[in-house]
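**Q** Let's have the full structure, built from the sequences with the hints guiding it.
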Amino acid sequence: MTLIHKKENRFVWAVFWISVIVRTVLGCYYPRTVNCYPDEALYLSAAASLWNQHKVLAFNLPTDFGKIGYSLLIAPAFAFSNLRVRTMVIGFISALVMSLGLFPVNALAKKLLKEERFRRWSLLFYALSATMTYSMTYASEVLFIPVMVLLIYLIYQLLTDAWHGKKKILMLVVTVLVWLLAYLVKELVLVIPVALVLYFVTDRLLGWRQRKGMEKDDVAPGKKQTWKFLLALLLMAVACIGIYLFSNAGTQYYQLGFDLTLLQERFWYLLYGTLFFIVSTLIAFLFLPVLYPVIFGRTMEKNARKLCLFLVYVIVVTAAVVSYTIYIYEDYPSLTPRAHIRYVEYLFVPFLILLFHLLEQKRPVFAFRHVLALAAALGLCLVFFVGFNGQTIDHTMLFFVQVFSQNGHTFLPYKARLCVLLLIVIVAIFTYLFYNKSKFFITLLLSGILIVSLGNNILSTYVQYKTHTHTQAETTEAEQVCDFVREHADVGIGVIEPVTHEELLDTFLIDCDNVRNIGIAGGWYFALTQGNIKKYGLWSEGEVAKYAGYEAPQTLDYILVSNDAYTIEETDAMTQVAEYPNLGYTLYKLKDPTHLPVMYDRSVE
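With this note's numbering, letter number 68 in the sequence shown gets 1196, and the count goes up by one each step, no holes.
Each hint should be verified, as a subset may be incorrect.
Using 27 angstroms as the maximum straight-line C-alpha spacing, the simulated DSSO-like pairs for lysine-lysine come out as follows [unchecked claim]:
#: 1; residue 1: K1565; residue 2: K1242
#: 2; residue 1: K1543; residue 2: K1594
#: 3; residue 1: K1242; residue 2: K1430
#: 4; residue 1: K1238; residue 2: K1295
#: 5; residue 1: K1296; residue 2: K1430
#: 6; residue 1: K1239; residue 2: K1294
#: 7; residue 1: K1430; residue 2: K1238
#: 8; residue 1: K1134; residue 2: K1295
#: 9; residue 1: K1239; residue 2: K1567
#: 10; residue 1: K1242; residue 2: K1567
#: 11; residue 1: K1238; residue 2: K1434
#: 12; residue 1: K1296; residue 2: K1238
#: 13; residue 1: K1242; residue 2: K1134
#: 14; residue 1: K1594; residue 2: K1238
#: 15; residue 1: K1565; residue 2: K1719
#: 16; residue 1: K1294; residue 2: K1135
#: 17; residue 1: K1430; residue 2: K1294
#: 18; residue 1: K1314; residue 2: K1183
#: 19; residue 1: K1567; residue 2: K1135
#: 20; residue 1: K1594; residue 2: K1430
#: 21; residue 1: K1242; residue 2: K1490
#: 22; residue 1: K1543; residue 2: K1490
#: 23; residue 1: K1239; residue 2: K1490
#: 24; residue 1: K1242; residue 2: K1434
#: 25; residue 1: K1314; residue 2: K1135
#: 26; residue 1: K1434; residue 2: K1296
#: 27; residue 1: K1296; residue 2: K1242
#: 28; residue 1: K1239; residue 2: K1296
#: 29; residue 1: K1239; residue 2: K1543
#: 30; residue 1: K1239; residue 2: K1134
Simulated from the structure, these hints should not be mistaken for laboratory data.
**A** Structure, rendered in C-alpha cells:
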C-alpha cells in the first residue's frame, strides 16, 4: 500500500468516526419519540415485539407487516428497559449504520475518480448531507440509504465486468442478497430490477457495444451479457414472488396491485405525479449532478456512461412507482403532492461522483443542442413545480426550497416558481463558467453544494429535533404513566387515544405487553388491512371489536383516556386514579374489568 493510499484510508476512517460521533450526539436527545405515522410507530412496535416476543406485532396486535429490516436493526435496543439508555443505543446504531455508507461511496469514487480531492469531496458531501439527519428519527431510511449505496456500487461492478470467474458468481449472489435486505426495508427497491432490464434493452438498441470491429475481448457480447440478464431476471423473479406473497398478506404491500379502474380515472394525474417527482428530484439534487452527466455524457468514459444510464432509469421508474402507489391514492387531485425525495436520496452522491468524473475529462465544445437540452429540462421544472406538501421527513434535501413556503408545508405558486427561476439563473451562470472558466467553476460548484448541504443539514437537524421531542413537563408525566403500567404488568390497561395519534405515549409504552392501545388499533393498525382508518361515534367493547377488527380484551382494569378527545357517558363505572394535565390524559380504574364504559368521540359530536 502506497503512502497516498494510506493517507486516503486514514481520511476515510477519520470522516467515518467523526460522523458516527456527531450523529450519535445529535440522535441521543431525550425524549426521542415517533412522529411520522404510521411508519415510525410500526417500525418501533415491530422492533419491540421482535425482541421481546420473537414475532411481529403492531401495538401488541397480530399483523403481517413485512417491512421489518429496520426493526430488526434496532431490536437489540429493547434489551434495555430504561428509556434513556434505549434511546442512546438506537441513536448509536443509527449513527453507525448510516455512516457505514461512506465505505461504498469511497469504493465507487475510487472506481470513477482519478483526483484525490474529488474522492474526498464525495465522502464529505455524503457525511454532510441532510439525509444523515434520518439518524435522528425512527425512519427506515437509516438502513435503506447505506444499503442502497452499497447496492449501486455492486451493480456498477457487475455492469462493468470488474469481477471474473468464480468471484463474479459469488458477487452476483452477494448483490442479490443485498437487494433482498433492501427489500425487507422498503418494497420500493423493486425499481432496481426494472431499471436493470430497461438498461439492458437500451444498451442493445443504442448499440453501445458495437457488433462489428470490436476488440478481441468483446467478440461475443451476447454471451458476455448473459449473466447480466440473469441478474436482472433473477431479481425480477424474486420481486414477482414477493409481490404475490405480500399483496395477499394484509400489509401495505397491497398497493402494488393494479386497480385498472382507478388507473383509468386518474391516468393523467399518474403522468403528472411522475413528472412532478422527477422535477422535485432535479431541484433537490441541484440540477447539475444529474443534468450535466446526462447532457455531456459523451465526454465521459464508457463505464461512467453505463452507471449514468442505469441511475437515470432508477429515478424514472421510482417516479412512476411513487406516482402510482402513493400520489393517485393519497394526493389526488392536488398540484402540490408530497415530494417523497427520501426514496431517491441515496442517488445524490453517486450522481455527484459522475459529475466529478465529467469534470476530470476534457471540456466539451460548446454546442447549441446541449444548451437547448439543458433549457428544456429547466423549463420543465419551471412549469411543473408549484411547491410540495407533506411531512418534512419526506424531503430533507428540499429545505433550501422550503424557506419560500408559507408555513413549511404550503407554497404560493408564484413563490415556488420564483425559487425555481432563481435556481435556473444560477445554473445558467454555472454553465457559462463551465465552458469558459473551468477552475473557477469547480471552486464555485464545490462551494455552492457545500453551502446548500450545510444549510439543509442545519435546518433538517432542527426540524427533526423539534418534531420528535416534547417538553420536560410532558416527559415527566409520560414517565409516570410508564412506571405505573410496568408496576401493574399483571393487569390489562387500555389507552384511549385521540383520533390521530399520541407520539409520547406511543413511544414510551411501545414495549408494554399489558397495554391495549385502542386509538392506534382502531386507526393505523386497521389501515394495514385496507379498512377505514377513521374512528366514528360510540365506543364500547362491541364497537372497538367491530371497527378495529380484533377481539376485544377479556378484561381491562385501568383505562387512560385523552381528555380532549372523548366524552365519557358512564362516569359512575370507574374511579379516577391520577390526572396528567400536561399530557391531557386521565387514568381511571374500572369497577367492572369486563365492561369498557361508553364514550363518544368529540370530533364527530
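**Q** Under the criterion that the straight-line Cα-Cα distance not exceed 27 angstroms, is the pair K1296, K1430 satisfied?
**A** Between K1296 and K1430 the Cα gap is close to 20 angstroms, so the pair holds against 27 angstroms.
**Q** Does the alpha-carbon distance linking K1594 and K1238 stay inside the 27 angstroms limit?
**A** Distance of about 38 angstroms is beyond 27 angstroms: violated.
**Q** Given the hint that K1594 pairs with K1430, does the C-alpha gap stay at or below 27 angstroms?
**A** 46 angstroms, violated
**Q** When you check the alpha-carbon spacing of K1242 and K1430, does it fall within 27 angstroms?
**A** 15 angstroms, holds
**Q** Tell me if the straight-line CA distance from K1242 to K1490 falls inside 27 angstroms.
**A** Given pair K1242, K1490 holds - Cα atoms ~13 angstroms apart, limit 27 angstroms.
**Q** So if I understand the rule, the pair passes when the alpha-carbon distance is 27 angstroms or less; does K1565 with K1242 pass?
**A** Since the Cα atoms of K1565 and K1242 sit roughly 21 angstroms apart, the hinted pair holds (cutoff 27 angstroms).
**Q** Sort out whether K1134 lies within 27 angstroms of K1239, counting only the CA atoms.
**A** 17 angstroms, holds
**Q** Mind checking the alpha carbons of K1238 and K1434 for me, to see if they're no more than 27 angstroms apart?
**A** 16 angstroms, holds
**Q** Does the structure keep K1239 and K1294 at a Cα separation of 27 angstroms or less?
**A** The hint holds at about 21 angstroms.
**Q** Under the criterion that the straight-line Cα-Cα distance not exceed 27 angstroms, is the pair K1434, K1296 satisfied?
**A** 18 angstroms, holds
**Q** Within a Cα-Cα threshold of 27 angstroms, do K1239 and K1567 meet the stated pairing?
**A** 23 angstroms, holds
**Q** Compare the distance between the alpha carbons of K1242 and K1567 with 27 angstroms, and conclude whether the hinted pair is satisfied.
**A** 17 angstroms, holds
Going through the hint list in order, the structure does not satisfy hints 14, 15, 16, 20, 22, 25, 29.
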